[in-house]
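Can you build the whole structure from these sequences, using the hints too?
Quick mapping for you: the protein sequence lines, in order, are chains F and A. Residue 397 in the numbering used here is what sits at position 395 of the first sequence, and the numbering runs on without skipping anything. Residue 119 in the numbering used here is what sits at position 52 of the second sequence, and the numbering runs on without skipping anything.
Rather than coming from a laboratory, the hints here were simulated on the basis of the structure. Please note: incorrect hints may appear among the correct ones.
Derived lysine-lysine pairs resembling DSBU-like cross-links, with alpha carbons at most 30 Å apart [claimed, not checked]:
{"#": "1", "chain 1": "A", "residue 1": "K119", "chain 2": "A", "residue 2": "K260"}
{"#": "2", "chain 1": "A", "residue 1": "K260", "chain 2": "F", "residue 2": "K266"}
{"#": "3", "chain 1": "F", "residue 1": "K16", "chain 2": "A", "residue 2": "K81"}
{"#": "4", "chain 1": "A", "residue 1": "K119", "chain 2": "F", "residue 2": "K112"}
{"#": "5", "chain 1": "F", "residue 1": "K112", "chain 2": "A", "residue 2": "K306"}
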Amino acid sequence: MELRPILSAMRRNKVGAILITVQMAVTLAILCNGLFIIQQRLTLSKRPSGMEETRLFVMSNQWVGEPPDLTARQEADLAALRSLPGVVAAYTTNSYPFSDGGSTEGCNLKPDQTHMTARCALYYADQQGLETLGLKLISGRNFTAAEVGIETGRDLAAPPAVIITRQLADQLFPGKSALGQSMYLETRRHGTLIVGIVDRLQVPWIGAGGWGSTFFENSMIEPYRYVAQYSHYVVRVKPGQLATVMQAAQKRLFEVNRGRILEKVRTIAEARAAGYRDDRGLAVILGVVCAALLAVTAFGIVGLTSYWVTQRRRQIGIRRALGATRSAITRYFQTENLLIASMGAALGIALAIALNLWMVRSFEMARLHLSYALIGALVVLLLGQLAVLWPALRASSVPPALATRSA
Amino acid sequence: MFAYYFGLALRSLKRNVVLTALMIAAIGVGIGASMTTLTMFRAMSGDPIPQKSTQLFAPQIDNWGPTKQHVVPGDSENFQEQISYFDAMNLMNAHPARRQSAMYATGLALTPANPQLLPFQVGVRAAYADFFPMFDVPFRYGAPWGADDDAARADVVVITPELNDRVFGGANSVGKVLNLDNRDYRVVGVLDKWQPIPKFYDLNNDKYGGGEDLYLPFTKAIDAHMESWGNRNCAGDFKPGWEGRIHSECIWIQFWAELPTAADAAHYRSFLNNYAAEQQRTGRFSWPPHTRLSDVREWLVHQHAVSDEVRILVLVSFSFLFVCLLNAMGLMLAKIMGRSGDISVRRALGANRRAVFSQCLIEAGVIGLAGGLLGLALTVLGLMALRSLLSDEVNRLTHLSATDIGLAVSLGVIATIIAGLYPTWRAVQVQPAWQLKAQ
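Dropping the structure here:
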């Protein structure tokens, strides 16, 4: 294919070519950064929490007033929940993954450290905690009945034992087993023994780049039954009974005591969906914008190329009369578009990387993987070819006889 | 003349419906996308209290020191977003500002008078009497409680109109009693609709508003051991129980002061530094004074009130608008150059360049107007889509104001006219004689 006539034609039509080039470059820059963000957010929203998330629901309980018999009331509630048909296990706690509220501790190796070794989220659970959440214990053991105490959230005594996540264990004791080691909690003086390690349990805060993102799997379970005016019940049910048990549990608790508010009664699946709603929303919006962008760019190419075809009808007729085949004419416009699109792609890759670098600096954003830029470039090139097809075919149908007529 | 050009523009646009539709669609989609995100961005980054934003200040006192790992990501000066109860009380007692209030979010259970109804949860803000005049909070009935109520830890509440509707059917409930956690509180005031967005005074929870049903004296809340329902971050060990909490270095209190003049602010700044220096002298702080005083706008920047997601969306959608405009520009160029013949006839018949220029620009303006209107419709659709996609909290930001509507349409017209400048200039360059000869 002769490039020279194409180039000299483009030189006479600089602005049109530049417009399409820039348009394609910006499209490419947005497209690959958009796809990258979409992929990141979707990966984020699919991260495993460490829990076995089916057949699990939570209820938040708020007592009216501050009843003096709080401990007895909570015992009665737990007994009622555990005796419900369809319930496998249940416990009461200060926080659960996806709840977006809870507390953290400094997890240290020595008392009175000035810099904490790791920040970790704190969950309370009794012996049924592991079973309820469906956590995978990779070494050590569950709490014993003797270890489980009462925590009102104000006493903050150092527990006799803790179960921590693998990630926290690795941060505290890199390269050796954390099991049987002691660790120190920053707000409490005494050491505590690590009796078990679970594979994974995420912190309550899940937002991208948010407060939990720096210590996402640093969780610790303390052997406490959480007794407070506001607490959460977490319940695991038998297969196929989630909806019925959720209804029955609320009814039962109001039978036990009416002086309460039950709120945020939801399955863990609902809690997950609510927690990642904005991430998924952003992914959908960016997806729509990227699609619209491609459509707009494609139609722009169709429009401008059609105009060029119209403008050059006479020249095309002359070329046809001089022996150019139909496919030569089609190829001419396709090659022209390929040239423009290649320039756009080259410029676009540079722009995409610049945009990403700027976002890395301004936002909590990872570096763009180069494959996204290449995929984006490919998409833009294909889009150009697809968009130019119709005008090019129209051009090839210009009759050679046109050359003999005046315009 | 304008009406004539307008008519010409319409006729010219009608001649090539496909091209016209493409241009209008491109501009409409671009405007729709950018206005949708701009609406949210404007709501997030807006001034929540424009009449006073330069007079309201949030003091911060570093009570953890440089060795502690701090918890606000991205604050270059490493400040915590809240202060300790101990510092809050010292600031309240020193009383160096015209008005000031320590505050925090908590919650209670409201038991309705009708025993048939179940208790329900109310979001509570514990604050001082100054809270209301300081933030220009409007009242429908009654008035704020007084400083004497603060001192007496009185059982008084100010309620929102929504709670007043729910419990009292919207009637004047001043003097009526609410049962909150088994204690009776007297209603002294009912607010009018008041919802600063973002909720600058406490960006911890529900930062785009909501979550507050009633207000009661801070002193009362502390006295009744009401737990903070916001963030509480602790450093260092502390004694158990409520008293231990109160005297800990945990940070969980928001604090605002009204300082009407620059001199007041300067005075307060030195007061804060002296306070921190005093704490260093008494041995509580082992580091030199590290304090900051931010007005509302500075505060919103420090606290990242605009989420990264919305920044990204604004960036993406304005790039999108740019692409759409390039597109429209290319199409306009094609359209105008395709009419070189007409233009040269007009020029040959005596139209001067200025006439051609205004005719083409008016045509661009008509396209822009149509694109802007289409964009407005798409913005409405876009905001509806956002409401279904994003969380309820963010949804508070998706209301279109009259300004937004005007902005959408004028953005369409102005942007399209700018995009039309080059094609118009090319049209003006058409040489009548040359064109006519070529024909």
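Hints and how they fare:
no.	hint	verdict
1	A:K119 <-> A:K260	18 Å, holds
2	A:K260 <-> F:K266	27 Å, holds
3	F:K16 <-> A:K81	28 Å, holds
4	A:K119 <-> F:K112	49 Å, violated
5	F:K112 <-> A:K306	19 Å, holds
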